[in-house]
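2 protein chains.
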Amino acid sequence: MRVGDLSTPCLLVEADTFATNVATMAAARPGRALRPHVKAFKSTALARELAAAGHDAFCCATPAEVVGMASVGLGADLLLANEVVDRRRLAATVDSTLGSRLTVAVDSPETIAAAVAVGVREVLIDVEVGLPRCGCDPSAAGALATEARAAGLEVRGVMGYEGHLMMETDDKAAQVEASMAGLLAAHADVGGDVVSGGGTGTWDTNTWVTELQAGSYTLMDGDYARLHSPFRPALLVGATVVAVNRTKGWAVADAGLKALATDHGPPTIDGATVWFCSDEHTTFSPADGLALPAVGDRITLRPGHVDPTVALHDRLHVVRDDDVVDIWPVDLRGWDPVVP
Amino acid sequence: MRVGDLSTPCLLVEADTFATNVATMAAARPGRALRPHVKAFKSTALARELAAAGHDAFCCATPAEVVGMASVGLGADLLLANEVVDRRRLAATVDSTLGSRLTVAVDSPETIAAAVAVGVREVLIDVEVGLPRCGCDPSAAGALATEARAAGLEVRGVMGYEGHLMMETDDKAAQVEASMAGLLAAHADVGGDVVSGGGTGTWDTNTWVTELQAGSYTLMDGDYARLHSPFRPALLVGATVVAVNRTKGWAVADAGLKALATDHGPPTIDGATVWFCSDEHTTFSPADGLALPAVGDRITLRPGHVDPTVALHDRLHVVRDDDVVDIWPVDLRGWDPVVP
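Heads up: the sequence lines are chains A and B, in that order. In this text, residue positions in the first sequence follow this note's numbering: the first is 1, and each later residue adds one. In this text, residue positions in the second sequence follow this note's numbering: the first is 1, and each later residue adds one.
Next comes chain A alone, as it looks inside the complex:
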C-alpha cells in the first residue's frame, strides 16, 4: 500500500526515524535500564519493537494498558506507574498478569489498601520529586513501605517522575540532581532494588535511576524536539487539502482537534504557517514564495504532543518514503480493560 492510498486523517510513523530513536536509546539505556512507557504509544505492536531492541520491562499508565500488554505476552515485568483505587480495574490487572510480573505504584494508605484488596503482590513507593502530581513526600516513603510490607506486599523500591524538568534547558543537570536527591533519600528509607523515574527529556541527565521511564522518545513530540536531543520526531498526521482560498491565500486540511492534540501548541507544517485548528480542520498558508496547494493534495502535520495525539487514532501506519510498510493497531486506547 502507498501512503497516498490511506484515507485521512491518519497517523504516519517514519520507519527509519523511529528505528534510529529506538537504537539510540537502547545503546544509552540497554535492556532493563530502560522501562519504556506504553502510555506514549498505546500499541502492543510498537512495544514488540522495543522488546526486540532488548527492553522487556514496561511502564503502563492504566489498567487497560497492563491487561493489553499481558494478553499479548509482553508481561515479563509490568509496572503500573500510576495510582489506581478502582478495585475492579486493578483486579483485572492482577488476573491478566498471572504467570507474569506486575508491580503497582502506591503513594498513600488508600492505594496500598487497594493493592492488598485485589491481590497485588509487588509495589513501588511513588515519591513526589517536584512535579505537583502523584507521589508521597520523600520523608513519608519509609513509613509507607513499612505499612505496605506489614500488609504483605513486596516493596521493590521507589519511583519518582521529575516531569517538571523535562523541558528545562538552563541548569538542567543540577536541577535533576536536586530532584533525584529526594528520591534517593526516600530509597534509603524504603530499600529494594528499583529506583525508577525520568523520561525522554531527562534521558541523559538523570543518571540516578536504575531504570528510565521514557516513552515519547520513540515517536518524539514536536515540542520535545526543540531540546538538543538525538531523538527526532517520527510521528506525522497525514491529511488531505479539502479547500483552498486563492483570493485570500489560505488552505484547509482535514485534520483538526479530533485528530491531533494541541496542548503543547498547534501542529507544524513544513513550508507553511499554521493559522489555527478547529474540530475537523487546520487552516494554513504557505511560507513566503511557496505556492498554495491544490484541493486533493496530501500534506503532513507534525503534532506538538505525541501521547494524546496517538490516543485519538486506531492505527499507526509505518511508512518508508511513499510505502506503508506496517500497520500497528493502537490497541491500548480507552480505559476499560479488554480481557481477551
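Calculated directly from the structure, the hints in this document are not laboratory data. One or more of the hints may lead you astray.
It does not matter which identical chain is meant; a pair holds if it fits inside one copy or across any two.
Lysine to aspartate or glutamate pairs mimicking DMTMM-like chemistry, simulated, CA-CA at most 20 angstroms apart [unchecked claim]:
(1) Lys248 / Glu110
(2) Lys172 / Glu49
(3) Lys248 / Asp297
(4) Lys248 / Asp137
(5) Lys172 / Asp16
(6) Lys248 / Asp336
(7) Lys172 / Asp204
Given chain A, put chain B in place with the hints provided.
Positioned in the frame of chain A, the structure of chain B alone reads:
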C-alpha cells in the same frame, strides 16, 4: 446504576440540563429551522432525543457520521456540511443513504467532481463568510452552482458558517448581519430553498438562515457558557481523586488530556482551582476555606470544549442526581464509515 459505580474517567450528561437546552432551542428554532450538528456529540442515541424534539434533519462533519446516522434510520435529510474529496468514503455515504436524503457541501470544482463521481445527487454551495476555512468566495458561488447543475447535481441552496463570531460579545448582531449579507448575496446568485448556517453562538442573532447548524447547545461548552445564553453546560467528566498532597495542598484526579479537550482552556472544578492537566491527570487545589478531598473521592470537571471531549470517549452516561438513567454510546467516533 449509581454515578459512584461508574469507573472513571467517564462522561456524564446532566439529564435535566440537557432536556432544558433541547426544549429551549426547539421553541426558538422548531423542526427543520434547526439542523442539529452531530459532530458535537457523535451519538445516534442523543440524535434520537433531538428527533423526538422535532428535528429530523441533521448536519454531519464526516462520512462516518452520515453512514452511522443513516444506518439507524435518522437519514431523512442529512447534510454532509464539510468538503470531502475521498471518493471511497464519499461513496459510502451515498450507499448508506439510499432511500434517504443526502446533501453534500461543495466549494470547488474538485469537490463537485467528487460528488458527481460517486453519485451524490444534491449539494449546497459552501460560502466563506469571514471564517478562514472552507467555502468559496461569495462572488464565485453562482458560477459554481452553474457548474454543479451542468454536471447533473441538484443545488438546494447555500451554506456558510460564521464561526469567527460565535464568541463575539460586542456588536454581535451587526457583525452577524454583515457576515450573512455575503451569504445572502451568494444565495441570490445560486437559488434554491436552503440558506444553512449559524451555530450555538449565534442562535438568536442569526435570523437570516433558513436552518441553524447548531450542535454544541445540547451539551454546551463550558467556554460558550461565558456568553449570555439560556443554554447551560450539561457535560461533565467524572473523575476519582487518586492522590492528595496534604503538605503542599493539592489533589490529583484521574482525568487528563486523554479524557478532556483543553483547546478552549483547562477544565473547571467547582470550589477548586485547576493547576494543570497532564496526560492522565488533573492537579487542583480547593478554593480558600475548603478542605482537600480524600483519595477515592469522586469529583467532576467541566470541559471548556464539548465536541473534542466527547470524541475521546465511548459512552455518555445520562445522570439525574446520583442515578445513571441512560447510557448513550458515542457511536459516530473515528473516520472509517462503519456499514452495519
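Going through the numbered hints above, which ones does this structure break? Give me the numbers in ascending order. 2, 5 and 6
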